[in-house]
Every structure is written in structure tokens, then in C-alpha cells.
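Given these sequences and hints, build the entire structure.
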Amino acid sequence: MGGPSSIGRILVLSEEDPAELSLPSSHTIEVAEFLPAGAVDPVLLDCSYVLQPQQVGLRAYCLLRDAMTDTGRIGLGRVTIRIRERLALLRPYGQGIGLATLLWPRRLPGPLARGAAGTDRRETRRPAWRRAGVAHRGDGRS
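Residue numbers for the sequence shown follow UniProt numbering, so the first one is 1 and each next one is one higher.
Do not rely on the hints blindly, as some may be mistaken.
As the list claims (entries may be wrong) - The following label-pair restraints were derived from C-beta to C-beta distances:
hint	residue 1	residue 2	range
1	S48	T28	17 to 23 Å
2	R106	G72	28 to 34 Å
3	E15	Q52	28 to 34 Å
Derived by calculation from the structure, the hints in this document are not laboratory data. None of the values given here were measured: they were computed from a predicted structure. The beta-carbon is built from N, C-alpha and C at its ideal position, and this holds for glycine as well.
Here's what the structure looks like:
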């Protein structure tokens, strides 16, 4: 297996090389921290999955699900899906655990990347009639 490199030379790989280059979280979900259930903006949600435990990890799976349910918290971490590492949100889902991949905030389209639907912070402090561009004469008539 091989292909051109960025400097124009051919890079030759053996059959074992791609397996050695796998990402560190390729067979696990790494939970970095636990947050209150409403802490992640829903606009960041991408794809949803329901996790199924392997027999070896069944006890840890149940403990994690029960701890998140009892505390009202969700897990935030990383997972590798199809050789791509993604941000992930873990939450109790019925008798299981749901996983949702998250978009990186910088990958949101246009106004969503800036926050409140493209509004400028100064605009939200002005009265509504000023934001709409309406002239105000101060005598009750516009």
C-alpha cells in the first residue's frame, strides 16, 4: 500500500501500518468531565446512537448509567467513529446510555457560530423600536 506524500515522494506502507496509526480512543469512549444535564446547547448535537455494552463492561455500563441518572449529569468526552475522533455527549436513555456526537462550535454555519442568531450584543441592549429602525419622536407617535 502506498501513495504520494506532500513533498512528492512515494510513501510505502505495510498491511500492519494503518492499524498502528489508529487513534487512541478507537475502542473506548473517553469521558473528560460530567456536566449538568442542560449545559450543552442543543444546536451542537449531530448524530445520536444507543450504546450496547459488551459482557465484559456490563457492570461499568450500569454504574455509569445509574450515576448519571441519580445526579442529573451528562458525560462529555471523545469517541472515534469510522477513524474520526469526535466530541461526544453521554446521557441516560431509558434503561441504556445514549451517545450524541457534537459539532465543534467553529463548524456551525454562519450566524449560529456567532451565538444568538447573529445578533450583535449592542443590538440586544437597545429598545425594540430602535432595533427595528423605527424613528421615535418621543410624543407617543412614531
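To see whether the hints hold, each was checked on the structure:
Checking the proposed 17 to 23 Å range against S48 and T28 shows it holds: the Cβ atoms sit about 19 Å from each other. The hint said 28 to 34 Å for the Cβ distance between R106 and G72, and at roughly 29 Å that hint holds. A beta carbon spacing of about 30 Å between E15 and Q52 agrees with the range 28 to 34 Å that was offered as a hint.
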